[in-house]
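Undergrad: As a plain string of letters, each chain reads:
2 protein chains.
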Amino acid sequence: MKTFEKTERTTLKRLPARGVYDRELVYAILDQGLICHVGFAVEGRPFVIPTGYARHGEQLYIHGSQASRMLRTLKSGINVCVTVTLLDGLVLARSAFHHSMNYRSVVVFGRATKVDDPADKVAALLTFSEHVIPGRWNDVREPTEQELKATTVLSLPLEEVSAKVRTGPPLDDEEDYELPVWAGVIPLQLVAAAPIPDPRLEVSIEPPSYASAYKRRS
Amino acid sequence: MKTFEKTERTTLKRLPARGVYDRELVYAILDQGLICHVGFAVEGRPFVIPTGYARHGEQLYIHGSQASRMLRTLKSGINVCVTVTLLDGLVLARSAFHHSMNYRSVVVFGRATKVDDPADKVAALLTFSEHVIPGRWNDVREPTEQELKATTVLSLPLEEVSAKVRTGPPLDDEEDYELPVWAGVIPLQLVAAAPIPDPRLEVSIEPPSYASAYKRRS
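Heads up: the sequence lines are chains A and B, in that order. First residue of the first sequence? That's -1 in my numbering, and the numbers climb one at a time after it. First residue of the second sequence? That's -1 in my numbering, and the numbers climb one at a time after it.
Be aware that one or more of the hints could be misleading.
Identical chains blur together in the list; that is why a pair holds if it fits in one copy or across any two.
Claimed, not checked - No more than 25 Å apart at the CA atoms, straight line, and that leaves these computed lysine-lysine pairs for DSS-like:
#: 1; residue 1: 162; residue 2: 73
#: 2; residue 1: 162; residue 2: 4
#: 3; residue 1: 11; residue 2: 73
#: 4; residue 1: 11; residue 2: 147
#: 5; residue 1: 0; residue 2: 147
#: 6; residue 1: 11; residue 2: 112
#: 7; residue 1: 0; residue 2: 73
#: 8; residue 1: 73; residue 2: 147
#: 9; residue 1: 112; residue 2: 147
#: 10; residue 1: 162; residue 2: 0
#: 11; residue 1: 11; residue 2: 213
#: 12; residue 1: 0; residue 2: 11
#: 13; residue 1: 4; residue 2: 213
#: 14; residue 1: 119; residue 2: 4
#: 15; residue 1: 73; residue 2: 112
#: 16; residue 1: 213; residue 2: 0
#: 17; residue 1: 213; residue 2: 147
#: 18; residue 1: 11; residue 2: 162
I should point out that these hints are in silico values taken from the structure, not numbers from a laboratory. Every value quoted in this text rests on a predicted model; they were computed, and no experiment measured them.
I would like the entire structure built from these sequences, with the hints used as guidance.
TA: Listed below in structure tokens is the structure:
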């Protein structure tokens, strides 16, 4: 299926033109982002926790310490909502009312399951590493058996998913276009600065290109 | 009170050293961010929606269309969790296991109330505008009565609040410091590019400095 099936939860009631269900577009947003916000409810009370993630095919992985309260709660299979948001710009209209932001966001609903098989866990951590810094995994010490045991990996199927996208210039009321006010978009992007070596790094070790020229795909 | 009182929900169980309850630090994070993630549960099912926000004293404002499903749900006074996350860098350790991210995040728990008084609503929208683009409000057409009616503003008290912060270099296992692997931090920042004028803008109108030199406080 090239598109996600709409459900009650993923159908945009307002501004339906901003809704996106195309798999490739959804995947592109997920593959560009670094942080997701994980939402779940305990006794009706909501929690929203930021964490890293990575997509592998039609699965979204999140991971963390075995002791993490969030992961221990989620692995019981309760309903979860994971949202990834990329802020692309500020939209300056001629009226206060029509100011907006350009963004791309993805919302995933579902239930996570724990990845138990050690080989699958290592594969998920590799996916995670490649998602954040392509090329890094080959340079570092791989996880020990003990470290693997201390790590919980959860997998969330990309089944009930939608994206929401706003792009382009402001949309003003017709009569406001005459106002002598600058209008347009201030583009925003997550940009890397020069890498800062660990104070304990031996000075002869140069930063690899994935660190010195880090750039997020877009 | 200079610090937020810890509650069951805001007390970090793991890595308590990362917990921050100082009001000024929390406010600095909220004042730098542009997007929050709003979490709430409907019949036990969680939703996480990105939206803009602004802080005014000890209140957090969110706003949007009167028709917004999220705002209509929240204004009933249900439990909400609002999270703001700033991603400051990627932390490259010598082992895969100790890779991390530098970030600052704030989590607010509470119940929102609707701002009804028109003067209070305008004040909230001004706060909102100044939060995103200081100086912009004075240049644009103010909201009409009809636009105000079409806008819902909610206020969430900053009472049950905590922040979580990671900064600094990687923390490797002692024996891994000998490995010939580059380690350190790749700093990340949300950066503005040159403003893009609205295609319908009269060419003689120059971008104001808040657009041509937009910079997020940090």
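Undergrad: Hints first: check each against the structure and report whether it holds.
TA: Verification of the supplied hints:
1. 162 - 73: Answer is between: at 23 Å across copies they meet the 25 Å cutoff, but 28 Å inside does not.
2. 162 - 4: This pair counts as within: shortest intra-copy Cα distance 13 Å, inter-copy 36 Å.
3. 11 - 73: between (31 Å within a copy, 18 Å between copies)
4. 11 - 147: Cα proximity of residue 11 and residue 147: across copies only (20 Å, versus 44 Å in one copy).
5. 0 - 147: So residue 0 and residue 147 fail the 25 Å test inside a copy (37 Å) and across (40 Å) alike.
6. 11 - 112: between (33 Å within a copy, 21 Å between copies)
7. 0 - 73: neither (29 Å within a copy, 37 Å between copies)
8. 73 - 147: within (15 Å within a copy, 44 Å between copies)
9. 112 - 147: Classified as within: same-chain Cα gap 12 Å, cross-chain 47 Å, threshold 25 Å.
10. 162 - 0: within (17 Å within a copy, 39 Å between copies)
11. 11 - 213: neither (36 Å within a copy, 34 Å between copies)
12. 0 - 11: within (22 Å within a copy, 42 Å between copies)
13. 4 - 213: neither (33 Å within a copy, 39 Å between copies)
14. 119 - 4: Answer is neither; intra-copy 31 Å and inter-copy 35 Å both fail.
15. 73 - 112: within (6 Å within a copy, 36 Å between copies)
16. 213 - 0: neither (28 Å within a copy, 39 Å between copies)
17. 213 - 147: The answer is neither: 32 Å in one copy and 43 Å across copies each exceed 25 Å.
18. 11 - 162: The answer is within: 12 Å in one copy meets 25 Å, while 34 Å across copies does not.
Checked against the numbered hints listed earlier, the structure breaks hints 5, 7, 11, 13, 14, 16 and 17; every other hint is satisfied.
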